[in-house]
Each structure stands twice: as C-alpha cells, then as structure tokens.
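Undergrad: Sequences are here, hints too, so could you generate the full structure?
For reference, the chains in residue letters:
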Amino acid sequence: MSYNLERAIAELDQIKADLFRKDFLLTWQKNDNELMSVFKIAEILKELHHRNITCKAFQTGIAVSNFRDNSTRTRFSFASACNLLGLNVQDLDEGKSQIAHGETVRETANMISFLTEVVGIRDDMFIGKGHTYMKEVASALNDGFKNGVLNQRPAVINLQCDLDHPTQTMADMLYIKNYFGGYSKLKGKKIAMTWAYSPSYGKPLSVPQGVIALMTRFGMKVALAYPKGYDLLPETIEIAKKHAKCSGGSFSVSNSMQDAFKDADVVYPKSWAPYHIMETRTQLVEKLDKKGLTELEKEALNENAKHKDWTCDETIMNTTARGSAEYLHCLPADISGVSCKEGEVSAKVFEKYRIGTYKEAGYKPFVIAAMILACSFKKPAAVLNNLLRKNEQRVSFK
Amino acid sequence: MSYNLERAIAELDQIKADLFRKDFLLTWQKNDNELMSVFKIAEILKELHHRNITCKAFQTGIAVSNFRDNSTRTRFSFASACNLLGLNVQDLDEGKSQIAHGETVRETANMISFLTEVVGIRDDMFIGKGHTYMKEVASALNDGFKNGVLNQRPAVINLQCDLDHPTQTMADMLYIKNYFGGYSKLKGKKIAMTWAYSPSYGKPLSVPQGVIALMTRFGMKVALAYPKGYDLLPETIEIAKKHAKCSGGSFSVSNSMQDAFKDADVVYPKSWAPYHIMETRTQLVEKLDKKGLTELEKEALNENAKHKDWTCDETIMNTTARGSAEYLHCLPADISGVSCKEGEVSAKVFEKYRIGTYKEAGYKPFVIAAMILACSFKKPAAVLNNLLRKNEQRVSFK
Amino acid sequence: MSYNLERAIAELDQIKADLFRKDFLLTWQKNDNELMSVFKIAEILKELHHRNITCKAFQTGIAVSNFRDNSTRTRFSFASACNLLGLNVQDLDEGKSQIAHGETVRETANMISFLTEVVGIRDDMFIGKGHTYMKEVASALNDGFKNGVLNQRPAVINLQCDLDHPTQTMADMLYIKNYFGGYSKLKGKKIAMTWAYSPSYGKPLSVPQGVIALMTRFGMKVALAYPKGYDLLPETIEIAKKHAKCSGGSFSVSNSMQDAFKDADVVYPKSWAPYHIMETRTQLVEKLDKKGLTELEKEALNENAKHKDWTCDETIMNTTARGSAEYLHCLPADISGVSCKEGEVSAKVFEKYRIGTYKEAGYKPFVIAAMILACSFKKPAAVLNNLLRKNEQRVSFK
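Chains as they are written, first to last, in our numbering: chain Y, 1 to 398; chain H, 1 to 398; chain D, 1 to 398.
Rather than coming from a laboratory, the hints here were simulated on the basis of the structure. Hints may contain errors.
Copies of the same chain are indistinguishable here, so a pair counts whether it falls within one copy or spans any two.
As the list claims (entries may be wrong) - With a Cα cut of at most 20 Å, we get these calculated EDC-like pairs of lysine to aspartate or glutamate:
#, residue 1, residue 2
1, Lys348, Asp143
2, Lys378, Glu392
3, Lys146, Glu47
4, Lys352, Asp143
5, Lys56, Glu392
6, Lys146, Glu351
7, Lys378, Asp32
8, Lys241, Glu326
9, Lys352, Asp313
10, Lys228, Glu279
11, Lys287, Glu11
12, Lys203, Asp32
On a predicted model such as this, the values are computed, not experimentally measured, just so you know.
TA: What follows is the structure, given as structure tokens:
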C-alpha cells in the first residue's frame, strides 16, 4: 500500500468540521465536511494500525459499552476501536428488556461518566425509542458537564438505533469508495438497497434507512425496493430524496427487486421488518403482552414467507452491471443452504463475495475510532500527526 | 480551581500513616492520620485528573472486581479508579447467591491473584457474612504472599459490606468538608442521619452505620433517628459514641425525624432494613427457605408502610439551619412521584440538591483510587510527586 | 533468587523454534525445541514480573477469551497473561451449550479479529469437538490473514480441549523441573498419573492425557493407572508410548493405584470420566436428550462410587519414594471432609502439599504469556532483551 499518511493528515487539517464535544448519532445531522473528516480519520487510523504505529490518544479513560440488544460483532468493533485509542471498555448492562427513562437515565449517565470519555450505545429494537434514549443520555451528559459534575464531556456514539446505523453505513461507504477508486467515481453509480427474504423476524430498519440516507449524498443512484408493506420510516425516505436532489444523484422506491438490481453497480439485499410491525411490537413489549408478541411474530413470518423470491442468486446477479455488481452486507447474512434453508442470498453468490464482506466489516472498528477521535479532540489532525511523529511500535519488533 | 498540588503532596508526605500492604475494610480500624492520608490522596488524584495528568502508577496489573450483589455505580467507580491508576479490571463472579467459605475462599483468592494488585469486594446483603468474607480473603492473601505463592500482596478494598461502606462515607465526607470549607469548619456542625420511607425492602445498613462512625470523628453533632425497631448493629452505635467523645462532638439516637432535622446543617435521610430483619433474612437464605423469605418481605414492607411520614420534604427542610441544610444521599434515592409513588425525598427537595448529590458521588472513584494507592505503595507522596513531575498528558492535546 | 536473566535470554536465543504465526494447540504437535522455548520464555517472564519490570510487548491489542465452559482459574490465568503483555481481554460468549460450526465459526473468527493478537479457547466438554473447533478457528484466521482481511494473524491458544490441556501440563512440568533442580534430574523419576474417586461426574480427560503425553518426553517413568473402564483416548496412549521410547523413559498402564504409587517420585491422583461415557454424553447433548443425560449421569456416578478406594491418603503416600512423593493437582481438588465427604485426596495429605499446588498453578499465567509471545514474535529473545534493557518499573517505586 502506498497510502501517504502525511498528505492524508494535511488534507484532514484542511477540512473544517465541528464535531468536538458533540455526539455522533445520525449521519444526516452531520454536514459533508463532518462526514469527510470522520472518513479521513478512519483511513488514517487503519493505515497507522497497518504500519504498527501506536494510536493511543488516551493514556487512560473509560469507554462505556451500552448494548441493549445482543451483539458480538459491533460489540467487538467498539471494544477494538476503544482499545486502539487507549480506552478501557466497561459494559453497562441495565437489563435488556428494560426501557429506562427520565431520572434513571439522567442520573446513571452521570454516575458512570466521572472518568468516561465515550459512551457507545446500541438500542435498535424499539421504534421511537433508541434515538430518543441516546438523546436523553447526551442531554444528561451536557447537564453534568455544564454543572461541573464531569471534568470532561464524553461523546455519545450511536452503535445502531431505530433510525440509523452510522458506523455500519460509513464502513460500507469506505469499502465501496475504495473499491471504485474514490468518492468522485461514485457519481452516477447505481446501488440497489433491497429487501430480501429471511426466515427470522424483527430485523431492524436502521441499515436500509442509513444506507439510503448516506449513499444519496454522493451522487449515487439509489434504488430502494421492497415488497408492498415493508415500508421504512417516512422521515428517512424524505431525507434520502433531499440528499439525492442536493448531490445530483437520484432516489427511487419500487416494489421490484428486478428493477432495482437491473444494471446496478452495487447491491445490498437484506431483510428487515416492516416499520408498522416494529411499532406494534414496541407497544406490545411495553404492555408486556406476550401473547400479542407471539401472534405478531407468527403473522410477520407468514407475511415474510410470501416473498421467498426476494433472494440474491446468480440469476438476478447476472442482470446487474456487467453481471458483476459489488455485493454488500452488514453480516451475518442468511445464506440459503448454509445458515438457513432459504434466505437472503445463495451460497454461490455469497461465497464469491465473502472476503469482500469481511473487508467491508473491517472498516467498522476504524470508523468507530474515528468518531471517538473526532468528538474528543479539537484538532484531530494534530493528534494524528503527533502519533505519526512519535512512531511508537504498537507491537514490539513485529 | 487554585488547588496547590505541590503543597498538597508535601502535606501528604508529612502524614504518618501505616497503610502499606494492609487492607481497607472499616474506617474505624484506621486512625485519623490514615484517613487523612486517603482523603489527601483522593483530592490530589482528582486534581491530577482534572489537569489531564496521567495517574498510571501501574504499567500493568489486574484488579479483581468481586461483586456478590448487583451494582452499577460502585462497579463503575471501582473500574474507573483502577483504570485511572493503570490497572485492568477482571470480574470474579462466583454466583451471587452462593456464600463461599473455607478452602474455596482460600484457594480462589490465591488462584486469581498471581498478577493481581487489588481485590475490590462488595458483599453487603448478609449480616455477619460480608466483613467476615473479606477478612477470609485477606488472610488467604497473607498466607499466599508469606509462602511465596504471590510476588505481591494485593490490597483488599471494601466496596460495601454488612458493617461499613467506607468508599461511600469518605466520599460523603470529602464533599461536605469542601462544602463547608475545611475539616475545622465541621466542628459543631449538626448532621441528621435518619431513616426514611421507601417502598422497597432489604436496603443494607452499611451507609448509616458508616456515616455515624465516620462523622463523629470530626467533632460533628451526629443525630441518628429512626422509627422504633429499625436499629443498627449495636457495635456501630458504640463506635459512634466513642468517636464523639474523643472528637468533642456528640452522638444522639432518637425516634424522631423532626428532632434530628431541627437546626441540622446536613441531612442524610435514607431507608434501611432493621438489623433483626436482615439477620432473619440471612438465616432464611442459608436454609433456602423461599416461603419464609416471601413472608419476611411482606412483613417488612407492612412495617415500612407505617412510617410513610418519614420523608424529606420542604416542610421538614424548613426546620433545618437557615432552612437550607445540605442534603446528602448515596444514590439512587427513592424520589416521591419520580422513581416511586411515595419515597425518601420529595421531587422538589431532590431537584434542588440533585447536582450536589452527583458531585458527592464524584468523589467516590478518587477515594477508591486513593485507597489502592495508599495500600500499594510505601510512599504515596513520592509516587504522586513523580506523576506530577512527569506531567504526561492523559488525553493528547485536549 | 539468583536467576540470571541475561543468560536465560541468551540461551533462549540459541533455541531454534518455529512457533511464529503458528498456534499452540497440542504439546505433541511441537518438537522439543519448541517446548523448551516456551518453558524458557515463561521463566523469563516470571522473573521479569518478580523484578517489577514491565513486560508490555504490545502497546494495544485485543485478546479474545472464548470459554465454552465455566472457568474461574484458567480465565484469570489467561486474563493475567494478556494483561502482563499489554493486551486487553474481550470475552466472546457464544452461548455455552451451542456447538457452532461451519460458516458461523469462519465468519465470527474474522469479525472479532480485526485488531486481535490472540484467541484463547477453552472447549473441553465434548469429545471430538474441542480440538476440531480450535482447528476451524485457526483455519478461518489463516484464510482472513492470507486474503488481507486481517493485518495480523492472531495466535490460537488451547486453554483446554478434549485432547490436551497444554497450559496446565506445562505449568506442572515447570513446577517439578524446578522442584527436582533441572530437566536432567527428571530422567528416571517415576510419576504416577492415576484416577481418583470424585463424587462429581464428567471431568474432562485432557489433564491425564496431556500429562502422559508430556512427561514421557523427559525420560520419566510414567505409570498411568485407573479402574477398569476409565480408559483415555487411545491415540493419546499411543503418543505416550512413542515418547517414552524416544526419551529413554517408560510408560505403563495398569488398573492398580497401589502399583502406580509404589516408589513414585511424583503423584498426580485426579478424577476423570471414562472416554466412552464422554462420547455418549456428546451425542446426547447434540440430540438435546435431557432424559438420556440424566440417566447417563446416574449410571456414571454409580460406577464412580464403586471405586471410592482410589483416594490419595497417608497410607498410600507412605508407599511412594521415601514416603514423600511430590503431589500435583490442577485444582480444585475434591478433598475428603473439606470440599466433599469422600474425594480424591485426604485433608491431611492435601494440606501438606497445598502451598505446592498453589505454586504449581502460579506458573500457568506465565506459560500462557510465553505461548502468546512465542507465537506472536519472530524473535522472542530480542523482545525480552528489549524489555530487560528498557527496565521500566511495572509498579512505580514499589
């Protein structure tokens, strides 16, 4: 690799971004400079790690890992990112089913933050709750910092909420940017973000919502497709439309996987639950209505089963640009005949793109680390430059 | 803040304290110099953190976190303290309901300590057990160190037992000391440590016991009050009496919240379970008598409910000195109309003092770190002086 | 201690061993030089720790702790080893009963390894599964490293599988080597590896298998004894025979504890489950046959109960060499009248050797750290020499 670190840091230094002492919750709350700044930091950190240069911007400090939902991959990505920067992860486990609010959130946020530099939160299962909870935590930390309770303002990082999954979609973006050879190469490229059949139920909406909101900013032609009824949250559709208009790209919604895949340069076939189902689910969970939840699941799975033809196999891949669109997935994919009988993608297609999806995921720890760095330091370029000049071996004599 | 670090370290250096290779289990086992030494170290560490100076007295080392009871706040305080000093926390989870003893304790204590510098234990639910368990662990570590099994003698730190909660009460003390402007200003000040109504049951006795034992050492007038039957452990009452006599303060026990609050400079209204109930509970747990436990809980809650008038509202706060006593709580408080229907404190009173209680809690990580430092190093002042002179930025370029 | 660190490192430098970017799964896959290299590194690290010299070969990096089985001691040993070297442990908990395979293993291994330097796995409960699983993980990491998914190839360390328990047996070996005063002193010494009665069921076979496979390499006379039916895996018996032949030692199998103990210099009495029972158990677990499992347990315990006379008491100890063979155990032992009514060893015998068994266990963290170092660095001697020359105090001013 001939990545020029000095030049990359100099370029970063030229980007005017206002991320210091802010949070990273939704990509569409950040302007282009701010996103570019995070992308650039992520690539610099990835290269520093590759070159075995220590990236400890912190000598000590706590990183709170608050997963209100099971997760192995994102949990490890967050832990890896924090470790890379010198922070120590502590898990906050308030009980997975509990939806805390009000005084409890306000108080707990401060009680765990006396020596904390970042709070990573995953709360994606309840429509209307996840993002709201993150804002509550952020507001409690503002209150504590303003009132002298905290020496520092920890950044809140969204590790997936009901609206967006910024660490995933920004990793996806870095992957395809480098795949095509630069942001300018993305202009006019078609990406199909489509629903795909899965035998499981209740998959969150944040990935497709995040993808259409982000990819439309780069002049891409974003084709969203799903079976009737599998709508995304209306506000995210509006954002995608607006972004497409601004960037000179396009955004279309259809109920045809075929139309979306046709001539696509990138495809992202992935299951999700219809948003009205997720809303009903949230209400039933709040009422602790177990019977209702069982019925809802049954109903939803029956509905899913009507759309088994929404699958990414060789036939549909052949209709993409040059028959070889790049395939994206946030993993784990439901692979037909491998992880399930019938699923999102055929074994043959998945195997062809498997290593690619691993590399796509490989950007995630660095995107998370970049968000932490960008939110924690006034001049990230100076911090990175300092690390580069110190040139301390991360692993001795490797 | 114009805290003079050099002077504070010089003062610390003058205090003769014998804490090295000892444990910190009960404040009343430590003499005044020893407490003063821990207080001073805690304040120095807090200031070093505030000034972004690295406090890593350890380059590597394990800190065992042994919580035999659920806890978020103290667990984070301990983890934060350890991280500040450069130690890495490992959780020891032997099963929460299990009361280990004998060979198991002796062996496990050594098996987890080969590279361990500190063992933090919380075991507060069983009268007659928590402190005993900590002593067993300490004795096993002495045995291992003496016999060459361990290269170092890890300090045992009491993170709350059945008798005392030293990290909490010492944080409380630092808060009011600074609130009133020095230890000498505490002389003659009245503090009301009173029971208060809570709809939950089985709250430990260690906070009120620890408070009366500690505050009486500073010449304060300590007024303990609780409804008939809600006695504390008799030995802690005797300690408070003795301390009050020595320090020129006073210690009174009554069954009137009104009497205790009248003209008080500080109030600490907080629920606890009567000690005879806690004793019965311990016996029932040992016999695995579920039915007995359910009945005991019902009986105890019924008894609690007779004392709903023991609550800290504006009316009773108006009877304190200048109508504005300082309010303490170890958090979380049971706030009427917020976290419960009727509880320990009214929402209005709590909101007035909320930020204060957060700051009170903010001393805890530094008190814990101070205990670790005091027990681990022969000359803590030299260690701190070295950190100050090295002046390594904890967070780069912040 | 007058351990000569400079000389030890120079000696290490002379040993030709090919461990870099390999895994440490089974001692019998390693040649004598490779074992000697790990032993030497372990002793050097133990001495560096004793001398309070920092051993951070890594500035940052993740160590995955994958325990598919409950464990306190080995878990702490691994965590301590990683911390000593500067790595941060993250637990991977895929559900204890689940036997993952195929795509899930391949993908997860990569997803958790983007910034990972070592993966420690314990998977000892299922015959034919544990070692297989570790090989699957190792092969997935090869695939990821080769394809550029991972910047580094994390080493897989066996923390106990169905075949071997190398970190335990190598700790045992270091203990007796130092007890007798050198590897050469082990030649001709008799070690009795015998079954012993325990009231519990399902103890893994990896310790006795690992012991007979390792100790036979040092010219020892290894006497394996167990009641009829308690066979070990045949392949491990073959390995022990081969090793004994090569080293000029001997290997015998009998059904008499008396014969094995007679004139033994070292005894290792320890319970295990017959391998055919463990095989049946694995099949029942896979079929989720709870009733079958309950019946199997009952049957196995009944069988165990016929052999209560297989216990290590003073009478049998008196028949060993000079009546005072050295006693080994991987801990915790089932001690008659202490941890159970009747067990592997009498209280009197255990108490006599208790501190010895603690010291035996004390080698384990350093053996694990040595394996990590040996697998992670091309020239471990250079890394250790560098640490020694830097001479950074691990604990300030201690």
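Undergrad: At most 20 Å between CA atoms: does that hold for Lys146 and Glu351 within a copy, between copies, both, or neither?
TA: So Lys146 and Glu351 pass the 20 Å test across copies only (16 Å; inside, 52 Å).
Undergrad: Within a copy, between copies, both or neither: where do Lys56 and Glu392 come within 20 Å Cα-Cα?
TA: both (10 Å within a copy, 13 Å between copies)
Undergrad: Is the C-alpha distance from Lys352 to Asp143 at most 20 Å within one copy, between copies, in both cases, or in neither?
TA: between (51 Å within a copy, 14 Å between copies)
Undergrad: Is it within, between, both or neither when you check Lys352 against Asp313 at 20 Å Cα-Cα?
TA: within (11 Å within a copy, 63 Å between copies)
Undergrad: Using 20 Å as the alpha carbon limit, work out where Lys203 and Asp32 are close: within a copy, between copies, both or neither.
TA: neither (29 Å within a copy, 52 Å between copies)
Undergrad: Evaluate Lys287 and Glu11 at a C-alpha cut-off of 20 Å and name the case that applies: within, between, both or neither.
TA: neither (52 Å within a copy, 59 Å between copies)
Undergrad: At most 20 Å between CA atoms: does that hold for Lys146 and Glu47 within a copy, between copies, both, or neither?
TA: This pair counts as between: shortest inter-copy Cα distance 18 Å, intra-copy 37 Å.
Undergrad: First find the shortest C-alpha distance between Lys378 and Asp32 inside one copy, then the shortest across copies, and answer within, between, both or neither for a cut-off of 20 Å.
TA: within (18 Å within a copy, 44 Å between copies)
Undergrad: First find the shortest C-alpha distance between Lys241 and Glu326 inside one copy, then the shortest across copies, and answer within, between, both or neither for a cut-off of 20 Å.
TA: Intra 23 Å, inter 55 Å, cutoff 20 Å: neither.
Undergrad: With identical chains, the pair Lys348 and Asp143 could be close in the same copy or across copies; at 20 Å between alpha carbons, which is it: within, between, both, or neither?
TA: between (53 Å within a copy, 18 Å between copies)
Undergrad: Treating 20 Å as the Cα threshold, decide for Lys378 and Glu392: within, between, both or neither.
TA: For Lys378 and Glu392, the Cα distance is within 20 Å only across copies (19 Å; inside one copy 23 Å).
Undergrad: When no copy is named, should Lys228 and Glu279 be tagged within, between, both, or neither for a Cα gap of at most 20 Å?
TA: within (17 Å within a copy, 51 Å between copies)
Violated hints for the displayed structure, listed by number in ascending order: 8, 11 and 12.
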